[in-house]
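Trainee: So the sequences go chain by chain: C and L.
Sequential numbering of the first sequence, starting at 1, is according to our numbering.
Sequential numbering of the second sequence, starting at 253, is according to our numbering.
Below, simulated DSSO-like cross-link-like pairs (lysine-lysine); rule was C-alpha separation at most 27 Å, straight line:
# : chain 1 : residue 1 : chain 2 : residue 2
1 : C       : K189      : L       : K471
2 : C       : K243      : C       : K232
3 : C       : K193      : L       : K471
4 : L       : K471      : C       : K203
5 : C       : K232      : C       : K183
6 : L       : K479      : C       : K13
7 : C       : K13       : L       : K471
8 : L       : K463      : C       : K13
Hint data in this document are derived by calculation from the structure and do not stem from the laboratory.
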Amino acid sequence: MSEAVYQMPESLKHVVTHYCAGCGHGIVQRLIGEIVDELGIRERTVGIAPVGCAVLGYDYFNFDVSEAAHGRTPAVATGMKRARPDLIVFSYQGDGDLAAIGTAEIIHAGNRGENITVIFVNNGVYGMTGGQMAPTTLVGQVTKTTPRGRMVEDVGAPLKVPEMLAVCDRTAFLARCALNSPKHIRDAKRALKKAFQYQVDGKGFSLVEFLSPCPTYWGVEPLEALKWIDEKVLPEYPLGVMKDAPAQAEGA
Amino acid sequence: MARTESGVRGERAQSARSHDERVLMCGNEAMAEAAIRAGCRYYFGYPITPQNEVTAYMAQRMPEVGGVFLQSESELAAVNMVFGAAAVGARAMTSSSSPGISLKQEGISYLAGCELPAVIANVMRGGPGLGSIGPSQSDYFQATRGGGHGDYRHVVLAPATVQELVDLTIEAFDVADRYRNPVLVLSDGVLGQMMEPVVIPEHPETHEPPKPWALTGCKGREPNWIKSLYLDVNELERHNAKLQAKYAQMERDEVRYDTLRIEDADVVLVAFGMVARICRSVVRVLRERGVRAGLFRPIAVWPFPYEALRATRGRARVYLVVEMNAGQMVEDVRLAIEGRRPVEFYGRTGGVVMTVEEVVVEVEKLLAKEGVS
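Isolated chain C (complex conformation) (with noise of 0.2 Å):
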């Protein structure tokens, strides 16, 4: 008798995606995927692609599915959650998305504490353009639109999107997780399915931050970008879970 202990989650469609070889896209959208079968919410969630290197975010999930204008995610998944507050809607965002253009519509939507989960994937440059400096991009680091490396006194340093909207009263839930390694990515999964499992439960905004390594534009091997996340991302990027509201509460 045989069982299938590893299989496609219904809420992934069986295509090709167009990712570089490495990229951690394929890992959140695996976990999202899973978490969204498990929970049993598939056909009444909607997700909203990013535009940037997720931009086919529709291809790939088997569910609802919307675009929306460079960083303005959050408003699109506010107006859907307002007219539809059944349905479980989640916001898929890149560093460039969420944290440059739609900075403005991340604050917000959280300090409303509008009840959606954004996934916030932090790989440091863009990717879809061609690998320019993100907001996120680390202290020194090379980009196209930072030949000689990312110059604080320049442009500033790195943005702690988690540790910046913890400060806003409203936010239920806000975590960074990296996809390096098997026990990270357990943990990443942990971390996403509590924000889904919040949003279920009614418990306002969540987000959860995933270092995600993206050798391309790195200029590094995919196995030398998973250490380069450990040795050189995480000492700018510390792990963990920066506000769990919810848990608060019921410790109190």
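Once you've looked at the hints, dock chain L against the given chain C.
Mentor: Relative to chain C, chain L alone:
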């Protein structure tokens, strides 16, 4: 094609609504209430003068009817919240005034590209830049040419009275749903602020079609998607062809205009919105002075009533286009008249409203110049 002789529209509307109460309301509030009566339950907006009565009214009323009012962090956010509500199948609206409408253009382009119905109202003020808070019509180009990027069009309804603002706002939701396309209601600072007696039908005739394309969760069906991205150029060309076919149908079916005494007119004034009201008085004064004047008023400024206006040139000898801008609709009038008759322009800018006498003098000068007595 809807053609109405002046006054007929109003009388018919009134008799059909004998049960509905006549109230005194400012244009902005009447428009907001009309949207609610049309079934709009989701309004997202941001403060800007002279449309602040809309947000205040929606903030008060939406919770009373089980709807949502949300003050957004920006005009960008507001139009994208409308995008989200429209994507899940709801009737949604936002409004603003000129500088804020510029910010909404990104979202309007996406609404058109993604084929989502929505109603956007522009209570125009003087520009460019921050301009003034006085009334203006200087967003005509932006409104009728598609202020955002890409080849798209949308119906633009330009009411001249508070009653018409109500009627056209209700109609705007139907037009938006019919074509799965945004519709712009083009008001201005005077119309938005002025109080007039108005009948807002309790249960207006409105038709909201089923929306099987909406993102309502994929229970019992294949997943839906809403998108305007087609990376394959041939696929995008096919998408554009589909959109253009829709716009062509709008050009056939959504023309709306009104005329006043043009049958024997030597001089035809062409004006829309508030300025058309001033021009009605101009026609009356000129007729009293023995001048055969008439008025042609586009009610929809896109699609523009080119054919109907062209048909008037057999009798008319000269046209005067009057606008609260530096000359925008005059270009459409010249396209309609095709150089067969002189088309002159008179306008005020910056938020200044012209007087009746001012326009009368312009007409008299024009008639003298053209040798029409």
